[in-house]
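Novice: So the chains spell out like this:
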Amino acid sequence: MKKIDPLDHPCESSRDGLASVVDMPKIQIPSPLRQYAGKQASVTVPAKTVGDALAGLVAQHPDLRHHLYTDDGKLRAFVNVYVNDEDMRYLEKEATALNDGDTISIVPSIAGGR
Amino acid sequence: MLKISQAAYASLREHGETTYPHECCGALLGRFEDDGSRTATRSKPCGNTRDDSPHNRYNIDPKELIRIQREGRERGEDIVGFYHSHPDHPAQWSPTDLAEAHWFGCSYVITSVEKGKASITKAFELTGTDEHDKKFVDEPIEVA
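Chains as they are written, first to last, in this note's numbering: chain A, 1 to 114; chain B, 1 to 144.
If you're looking for bench data, these hints aren't it; they were derived computationally from the structure.
None of the values given here were measured: they were computed from a predicted structure.
Beta carbons are placed, not taken as given, at the ideal position from N, Cα and C, and that holds for glycine.
Hints may be right or wrong, so weigh each one.
Unchecked claim - Computed footprint of chain A on chain B; a stretch qualifies when at least three of its residues, placed anywhere within it, have a C-beta under 8 angstroms from a C-beta of chain A:
| hint | segment |
| --- | --- |
| 1 | 13–20 |
| 2 | 29–42 |
| 3 | 48–59 |
To be verified - With a cut-off of at most 27 angstroms between alpha-carbon atoms, the simulated DSS-like pairs for lysine-lysine come out as follows:
| hint | chain 1 | residue 1 | chain 2 | residue 2 |
| --- | --- | --- | --- | --- |
| 4 | A | Lys39 | B | Lys115 |
| 5 | B | Lys63 | A | Lys48 |
| 6 | A | Lys26 | A | Lys74 |
| 7 | B | Lys122 | B | Lys134 |
| 8 | A | Lys74 | A | Lys39 |
| 9 | A | Lys93 | B | Lys63 |
| 10 | B | Lys117 | A | Lys39 |
Produce the complete structure using the sequences and hints provided.
Specialist: Quick look at the structure:
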């Protein structure tokens, strides 16, 4: 697993001047994508927005890019991204600001019918 | 192979009877086994947001899945599959089922509900690597 050096990533600092991994946004990885994220169920990424977090995620795990994004760089239609319990599409989309301790959930759609 | 508890199996079938003549839907919680199979210990009924066409379409609100996932994590469980029903229609995946399936490695369980009574239940594993090569593969169900 690639280590995140807080000094390499600009983000809000804790009182001792170093970013706390505990406070960094956590991205929940759905089971079908974990094989592309080092088999991890969650990944912490220093980020101030949802877009930054997703960019950081695919930077750490490039194999995820194809599964999350189309060839022209758009999030695939069936990939839902939530910040805590809110769909980012109804917030500020990728510009949605993140707070310490926020959880981003990637949830592929579940649908169908006869 | 999908191993499923008797309680979860009965529950998902009963859910289809409860929602008849509309499609029911829900999630299966459990664990992924080292041999590639799945063990479902609980079924979690979900709402069908397709109130425009519930007799032949289903959709689960991602927000509901997030809640189910969160509860599962607290119990050491994972989402290992999903289920839905086909009112008065075979327990066989449709082109729509495949087009809308994206949880690779998970089980998709379908129950045929004929005139309000659950009949056949079948399971299919979503295999492949992406939208271009995905396919459903029949898998046996072991109820224990």
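Novice: Each hint needs a verdict: does it hold in this structure or not?
Specialist: Going through the hints against the structure:
Counting residues of the segment 13–20 of chain B whose CB falls under 8 angstroms from any CB of chain A gives 0; the rule of at least 3 is not met. Interface restraint, the segment 29–42 of chain B with chain A: violated (1 residues with C-beta to C-beta distance below 8 angstroms; minimum three). With 6 residues bearing a CB less than 8 angstroms from a CB of chain A, the segment 48–59 of chain B meets the requirement of three and the coverage assertion stands. Distance check on the hinted pair: Lys39/A and Lys115/B sit about 44 angstroms apart at the alpha-carbon level, beyond 27 angstroms; violated.
At most 27 angstroms may separate the alpha-carbon atoms for a hinted pair to count; Lys63/B and Lys48/A meet this at roughly 22 angstroms. In summary, the hint linking Lys26/A to Lys74/A is supported, as the alpha carbons are separated by about 22 angstroms, within the 27 angstroms threshold. For a cut-off of 27 angstroms, the pair hint linking Lys122/B to Lys134/B stands: about 19 angstroms separates their Cα positions. Pair hint Lys74/A plus Lys39/A holds up; C-alpha atoms about 24 angstroms apart against a cutoff of 27 angstroms.
Straight-line distance between C-alpha atoms of Lys93/A and Lys63/B comes to about 16 angstroms, which keeps the hinted pair within the 27 angstroms bound. Taken as a hint, the Lys117/B and Lys39/A pair is broken in the structure, with Cα atoms around 41 angstroms apart against an allowance of 27 angstroms.
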